[in-house]
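**Q** Generate the whole structure from the sequences, applying the supplied hints.
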Amino acid sequence: MDPSVREDYLESLCNLEIKQGRPAVIDEVAAFLDRDVDSVLKDILELVQSGDLRIGDDGSVTLTANGRQEGMRVVRKHRILECFFTEMLGMEPDAASRDACVLEHDLPDEAVLKLKNLIKGCPPGKNTPCPRRGWTRTLPPTLLDIEEGTEVVVLDLMYKGRAHRLADLGILPGERIVLRRKLSNNSVVVEVKGCDIALSPEIAGMVLVEKAA
Amino acid sequence: MKIGLIGNPNVGKSLIFQQLTGLGVEISNYPGTTVDIKYGSVCFEKERLQVVDLPGIYSLDGSSDEERMVRSFLQSGAVDRLIAVVDATHLERNLYLLVQVAEYGIPTLIVLNMTDEAEKKGLNIDPGKLGDLLGIEVIPTAAIQGKNVEQIIPSAIAKARTPRIEVHYDTHIEAAVRSLQSVHAIDRPGALLALQGTGMDESLIESAGVLAQEIEQRHRMTVHQIIAGNRHHCAANLARQVEKERSPGHRFDPDRILSTTWPGLPILAGILILILLTVFFIGSRLESLIVMAFDIYAIQPLLSLSLPPLAQELALSFILALQAGLGIAFPFIFTFYIFISILEDTGYLTRAAFLADRGMHRLGMHGVGIIPMVLGFGCNVPAIMSIRLLGSRRERVIASFLVTMIPCSARSVIIAGILASFVSILSALSVYLFIFVLIIITGWFLSRITPGEQFGMILEMAPLRAPRAGFVLKKSWLKIKEFLFIAMPLLLAASVVLGLLQFYGVFDLFEQLIEPFSMAVLGLPAYAVTALIFGILRKEMALETLVILAGNANLGAVLAAGQLYTFAIVSVLFVPCISTIAVLSREMGAKIAFLVSLYTLTLGIFIGALINFLIVCCVGNV
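Listed in order, the protein sequences are those of chains G and L.
Under our numbering, the first sequence has 103 at position 103, and the numbering climbs by one with no breaks.
Under our numbering, the second sequence has 516 at position 303, and the numbering climbs by one with no breaks.
By construction, these hints were calculated from the structure, which means they are not laboratory data.
If you're wondering where the values come from, they're calculated on a predicted model, not measured in any experiment.
For each label pair, taking beta carbons as the anchor points, the in silico distance ranges come out as:
1) 141(G) x 364(L): 47 to 55 Å
2) 388(L) x 109(G): 38 to 46 Å
3) 650(L) x 19(G): 43 to 51 Å
4) 650(L) x 140(G): 39 to 47 Å
5) 191(G) x 605(L): 22 to 30 Å
Note that CB positions come from ideal geometry on N, CA and C, so glycine has one too.
**A** Have a look at this one:
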């Protein structure tokens with residue numbers, strides 16, 4: 001059996017077990033993987049021989065300690081990659097999950113661990129799709145995170161396509177701007193090229209900045 | 214010969230246009246008020262020149278209505294000369310637009326405006342040097358004092374030249390422009406636009422799209438950002454060379470008070486309430502004078518003429534419409550406009566928009582939405598006109614619904630005239646409270662169901678200036694003219710139609726038919742419904758008609774308190790007045806105008822029925 005196929009089986013079984021709270025039966029495994037029962041049964045018997053699985057009398061498939069360890073390793077890798085793709089690279093969740101499925105088999109553990117350190121707070125042990133909000137990203141601060149009166153340099157803008165007017169007014173990567181005013185409701189006024197520009201919170205939140213030296 | 218005036222918003226362009234042509238065009242300290250292109254003509258050495266005031270823009274590449282409008286105007290080749298108005302106090306940002314304009318290769322003259330303010334700020338700009346660098350003539354002016362304005366037209370004709378300045382773009386952009394130009398028959402600005410995805414030719418856009426994607430991958434920036442960066446760099450370079458000794462004299466900054474949560478927000482609320490109260494008191498005094506004058510000098514003489522009945526009815530409707538129009542226009546709208554013009558000219562309106570941003574978000578709009586909402590208290594017509602200031606269609610749709618629900622001064626007259634006089638001041642205030650709650654609920658609801666994306670506010674804060682009485686009056690006058698122009702013909706027509714209906718007894722028939730319904734649902738006699746219908750013409754006519762039809766000026770003697778309350782609420786909500794509907798369908802299309810009318814009608818009847826039901830239940834039958 002190809003190692004990546006084995007990893008896919010163990011990963012799916014872990015996910016199924018977490019989802020259902022009990023070991024899966026063969027039919028469920030086949031449905032989950034969208035394959036026919038006969039070929040799944042054949043693969044599972046092979047995995048039983050290699051000591052990753054046990055089949056109960058009722059047709060339930062249980063992971064051995066070894067199999068579970070291996071499966072969870074892949075699950076974690078998948079999650080970290082998916083988080084990285086959605087949160088850091090801004091990919092769509094579907095595409096992120098698809099690409100994570102490919103990369104999880106080839107990327108060495110160490111590289112994934114480094115990625116995990118980059119995106120602090122990847123939720124452990126929850127078999128849910130990566131939440132889009134609420135983790136501490138090591139992204140640069142936005143205009144909303146800095147103090148009134150600070151001079152900053154624009155690093156980048158998120159959602160670049162919508163930022164036409166910002167670029168025309170001079171809010172561009174590399175530009176020095178001063179945060180003139182920040183209201184308690186996060187509306188801000190910035191000074192760019194000698195002009196005061198008022199921005200709504202959602203716009204200010206897409207301007208990534210760095211304190212000017 | 215056609216001369217175009219081009220420049221950033223809020224650089225004094227409209228004022229210069231006004232001084233050149235003598236034509237009444239509004240000047241404004243609010244960015245983006247000149248939405249339509251305005252034309253005027255000048256006679257110079259026995260030749261008639263057409264001057265075009267283009268809307269103020271920040272860039273020629275964007276996709277807003279104004280930017281598209283100006284771009285197609287420049288591309289059309291219809292313009293022979295350009296007068297680029299540049300704000301000396303914000304030279305760099307203004308030059309950003311100028312270097313774009315230069316790419317169109319039209320003979321241009323630069324008017325370096327606001328040199329007086331620049332001097333005050335300790336900015337010293339060398340116009341000769343700027344002219345040398347750009348290869349065109351520069352005239353320093355101070356339009357607010359009329360300084361050097363007379364030189365503009367002669368210089369535009371004799372000395373305007375094609376600008377020499379050319380932006381050096383990133384090598385990849387330049388290469389892409391060259392390769393586009395070698396395949397497609399297109400000029401440089403056209404190729405730059407195509408790279409940013411703007412253009413008509415599909416095959417051009419497609420090949421530009423491929424090139425743009427490649428560039429974006431390499432630079433990790435959009436093509437627009439790269440191009441904008443290059444232009445800003447060029448503009449900054451130019452500005453650095455011509456600005457001499459900048460001494461940043463730090464004076465007291467009023468924004469430290471005005472644009473803060475405390476005390477900025479209470480100040481904003483105070484200013485708005487003060488304006489509304491003042492307008493209401495001045496307005497109602499003036500209005501009763503005008504209405505009385507009409508009664509004494511037009512209606513009574515007309516009635517004493519004893520004309521044939523049909524002619525008398527028509528003449529009476531005509532006079533009633535005039536009375537309605539003038540009675541609202543001058544006392545309320547004009548006074549209100551004076552205050553709004555002051556807010557605009559001082560630049561305070563942009564601070565108000567900033568402070569109100571978050572609150573307006575809850576209603577599905579952003580900060581700029583406070584302007585139509587405030588205007589709505591004066592009169593819904595100018596309020597609807599101002600919803601153009603909102604960026605997206607979604608926000609404009611939400612604003613149209615909410616603005617038409619705001620109790621305008623005419624509706625305040627009803628509330629005051631019926632409830633404050635015959636029931637109690639508290640009940641009058643409760644109507645306001647009730648309507649505000651309805652507005653908030655409607656806004657909350659609409660912001661969830663209206664399609665379209667919400668995009669926040671990016672608004673330049675206008676510099677604070679002292680307003681000038683002359684400009685304020687002139688501007689208010691122009692706005693009132695616009696109102697009369699739209700509202701008057703409609704008022705006349707509608708009034709005549711209603712007069713005829715009454716003459717042929719349609720209303721009597723109508724009252725017989727509606728009586729059971731109005732008594733059952735609203736608890737109101739049929740003549741009150743007729744009064745409500747007259748209210749469509751002009752809102753406080755509902756009150757006047759009610760008095761006439763009831764045959765007793767002391768309404769409290771004819772109708773019970775509950776009935777008066779229902780009548781006030783229904784007439785305030787009901788359908789907006791005919792002028793509002795007309796402006797709404799002009800600005801937003803007939804569909805939205807219809808939906809708004811339908812919504813307010815349904816809401817009015819529903820709330821009226823609800824109140825009547827409650828009164829009947831709790832108090833017993835009145």
